[in-house]
Structures are given as structure tokens and as C-alpha cells.
Amino acid sequence: MQSNTAMSHALIYIRKSVVRTGVDTLSPERQRELCLAEAKRHGWRVDRNDIYIDARGHLSGRTEQRPAWLAMRQRLAEDGDIAAVIVESLSRASRSVRDFILFVEELASRNIALISLRERFDTSGAMGKAMSAMIAVFNQLESDLASERQTDRIAARKANGRHWGLTPFGCDRKPVTGALRPSEATYQLDGAERRYYDSLYAAYNLYATGQYSQARLADELNAAGWRYRDRSGRPCRWNAQRVRNALILHRLYAGEVPAEGHIKDGRPQEWIKANFEPILPASLCHRVAAVMAERHRLHYPTPPPLAPEPPLAYPLTGLLCCAECGQPLKGARRLRPDGSFDRYYRHRFARGDCPVRRWTPADELERQISALLAALFIPPDLSNEVIVGVLTAVSAGSAEALQDEADEVDAAIARVEMEIQRLLRLAVDMQVDEDTYGPVLAERQRELDTLRIRRGSLITALERQAEGVANMVTRLEQLIGEGITDASSLRQMALAVFRQISVAGPEIVSAEAQGWCRDLFCVCVQLDSPSPVGGTKSRFWARLARLVRELNVILE
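Residues 49 to 604 (the working numbering) make up the sequence shown, in order.
By construction, these hints were calculated from the structure, which means they are not laboratory data.
Bear in mind the structure is a predicted one, so any value in this text is a computation, not a measurement.
Cβ coordinates follow ideal geometry from the N, Cα and C atoms, glycine included.
Hints may contain errors.
[As the list claims (entries may be wrong)] Per label pair, the in silico range of CB-to-CB distance:
id : residue 1 : residue 2 : range
1  : Y348      : F389      : 18 to 24 Å
2  : L543      : Q122      : 52 to 58 Å
3  : E555      : S157      : 48 to 54 Å
4  : W212      : R345      : 51 to 57 Å
5  : C284      : L150      : 15 to 21 Å
6  : T111      : P376      : 35 to 41 Å
7  : N287      : R345      : 20 to 26 Å
8  : A338      : S536      : 47 to 53 Å
9  : G226      : T257      : 56 to 62 Å
Using the sequences provided together with the hints, build the complete structure.
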């Protein structure tokens, strides 16, 4: 990377780390001093708005979601007068290998150097780039190990009954064990001193009566002079959310902690005895739990069970697809207030840019396809006519195709025979050893044998084709002989005849025929519905032609 002599600004990024044992040895102020000195040494100007600091709360380097970091990334994308980014150490910038490498590549594309004071290098050279990637790997490893150790510590303390997390309202902790206990903290109201613990007790006593909603309970507590304590330790008024936050901890206040997970997960989990005595009487906590459960049941009643779906409730699943976006459609149902349901076919995967309505009534599609497939019914007295018609049309086209293929095979046979003769003459004239030309000769002989077998198979192709047409008609008669009587027969027939049906809402756009019955549809199009025998009108061919037109059957 070339020197950025034309650029005058350097950006400084500062992040305060959260160290679980002890304190961060380099404060944001100290980081600022060191980075400014480095910028001065290079002759870069650093203004007040060139310094980006993430120091409020816990902003981990494992994630990109840091306000100052994102603001600096935005500045880099918009400002072309940046020479370098200076950090105290690479771990301040990122503890994710992937994010860090992407960041270095972004800087390189803009001819901007990354300078780290602790590691004493910059990315203006190949060695600097390689070293930065290696250090990022170790930074992420260190972060992952610290996270694992912290997870293990939390699990061990929970196994011993210790509550892990923020200290709940109305509690504080014993200095050594960290066990919870009722808080003695107080607040002043109208010249009187009151305890936060008593405010918590009052909230539980009132709610346990079953006469208060959470919002009304908050109003009652505020009117009685009870206050909640915010995270900064200041008294504040109750509201419905704060009441809820206190009530959902009823098992914790009763002296229990979850064996894993969080209290507010809202999922069934194992609870164990805590390492502290109940903060509130267990009987009071149980009454509060019962009231909350009853309120939840009233507000979120259990819906009536869905009526069981009959077998093959959606016979066209796996066959239908959207004509616009190509997504497959599957069966789905919507519940009615009376407990019954409506059947639909919908997109298996939603696509926001598809203009077709996602939910299509199943009854309408199934009715259309059933009616159209009924046109394939072959009357017994027309079976021979259908076979002769298909054979007549297929044979006419097949004879020419077979002759063309036979001519190609004959030409290939003549070519290989000439190559064999030339090879033999060459071997005699040049006195070539048999070990030399033998493998080539054997390969040409195998090719000639293959072509002769293929030529012989073409002779019986028309006979086999006739047998195939007869089998096709017989199969169609078997499928439709008893008609479409239920969902199972509809599915069996639809899958046998069609490979795929494209729909746009309730409209059938096109259908792709299965290979075995494609010839039948082709004949229908060629004959344009008149009977191939005797010149009389055949109702079967007319119905079949109408089916092909209405379904827009794909015959290629």
C-alpha cells in the first residue's frame, strides 16, 4: 500500500472493555492520549469529531453493533480525506476474525492504513496484513475462552442454587456468597422513610386478592405512596410493566432458581432450591402465581382443537406450483370460529415479489382438474380406434425419424470399417509390431460391433412402439375406468398423467404431461379432433383436444 501523503486526517477509535476480574488497565482517556501521540508522530491531523469512543455500558468487540464503531464505519465510507485508523490494540477494534478481516479489506480498498499501538504495526504492507489476521484469530480465541469460562461459572453457581443476573427489586446480596436477602434500602416520601421491600410486599398482597389488574395495581400502589426502584437506585412510580416485572419473579421470591436458562424464558424448565431463604412467604407467592395463571387463561383461552383432517386432504400437493415464481404449493387450512376449517393451497415458501395471491381455495382447483381429467375416459368401443389413431400418427413421424437415425448409423459403420482397413494396410506396409497397433484395432472393432447392434435394434423399433402404445391405452383405461370417486383416486390419476401443473390463483396456466401419455396428447393435436378411422367425428378426440387446450399442456 502506498503512502497516503495527500490525506491529512486520521480517525481514532476507543473502546472500554469490560474485564470480569479487575478493571480495564487502559482507560478511554489514556487510549486517547496514546493514539493522539501516534497521529502527531505521523503528521496527521485529528479533530474533535475524528475521535470515536464506545465507553457506555458493555459494548463487546465480538459484535459490530457499537454506536461509535458504526458511526466511524459510515464516516470511512463517505469521507475520502482519511489517511489512517488508529487503535490502542486490535482487540479494541474487533474480537471477531470474520468482521476484522472484512474491516481490513475495506480499509485496503480505500488506501487507508490501520495502526495498532500495542502490536506496533500497520497494514500498509503485506506483513502487517498477515500479522493483523493472526492477532485477530488469537483475540477471538481469547474472547471465546473467556465466554466459556463465564458460562461454566454461571452453570456452577446455578447448580449451587445461586441466582445469576441483576439483583431483583426488593433484594440485595450477602457480600461473600452473593445470596439474596430482603433489602433494607429506603426512600423518602413526604418526610417519611419507607423500605422498598415493603413496597414489594404490598404489591404481592394486593395482587393475590385477585381484584387488581397490573395497571390498576400500579395506580393503587402509587396512591398509597409505594415506590419502585430504578436501576440507578432512585425511587420511581410504579407502572404496569414494573408490576409485571416484579410478579413474574414469584418463584425466585419463593426461594427457587432455574437449573438452567433464565427466569423470564417463559418455557417449562427445572427449578431447584435456592441458596437463600424465601424473600416473600412461599404461600403468598403461590397465590400470586395462581392469579396470574387464571388471568392468562381468561385473556388467552386455549383454542378448540382442530377437527382431524381426513387422509389425503390435499391430493394435489407436490403437483401444483406457482406460475409466477415457480414455488411449489402445499395444502394448508384456516380455522373458522365454529372450529371447522377451509382448505387452501399456498406457497410453501413466501416470496414478497410474487404478485399471485398466496392462498388459493383447494375445492376450486380440485374441481377444475377433476372435470378436465374426466375427459380422458375412453369408452370401451373406442379403445381400438384410439390405439390405431395413436399408432397412425406416431408411426408416420417415427418412420422418418427411424430412417434418419438408420442412415446415420450406416454412415458411422462405413467410416469405422474404412479406419480398420487403413490401419491394417498401414501395419503391413510399415511392418508395425502387433503390440503397437493391436489396442487401436481392438477399440475400433468394439465400436463397429456396437454400431451393428444399434442398427439391428432399429429394425424392431416400430414393433416395440406399437406394443408401447397399446400398454399406454390399457393403463389409461385402468386409471379412469372407475372414475374419480375420492381424493385418493384424484391424486393417483393426476400424478399418473401430469408431472406438474402451474396455477395463478384459481386459474390453471399450464400443465406438463408425463412421458408415457405425451404421445396421446400429441396425436390429439395433430388430428385436431376428427376420428382417424372412417372419417366420422369422435367425441373422445374432441374431449381430449379440449383438455389439451384448456390445460395448455406442455408436449415438448
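Each hint tested on the structure:
1. Here the CB-CB span from Y348 to F389 is close to 21 Å, well matched to the stated 18 to 24 Å.
2. One distance hint, 52 to 58 Å for the beta-carbon pair L543 and Q122, holds here, with the actual separation near 55 Å.
3. In this structure, E555 and S157 meet the distance hint of 48 to 54 Å, their C-beta atoms being roughly 50 Å apart.
4. The given range of 51 to 57 Å is broken by W212 and R345, whose C-beta atoms sit roughly 31 Å from each other.
5. Distance hint for C284 and L150: a CB-CB separation of about 43 Å, inconsistent with the stated range 15 to 21 Å.
6. Here the CB-CB span from T111 to P376 is close to 37 Å, well matched to the stated 35 to 41 Å.
7. A C-beta distance of roughly 24 Å is found between N287 and R345, which places it inside the suggested range of 20 to 26 Å.
8. Range check, A338 to S536: Cβ separation about 50 Å, and the 47 to 53 Å hint holds.
9. At about 34 Å, the CB distance of G226 to T257 disagrees with the hint of 56 to 62 Å.
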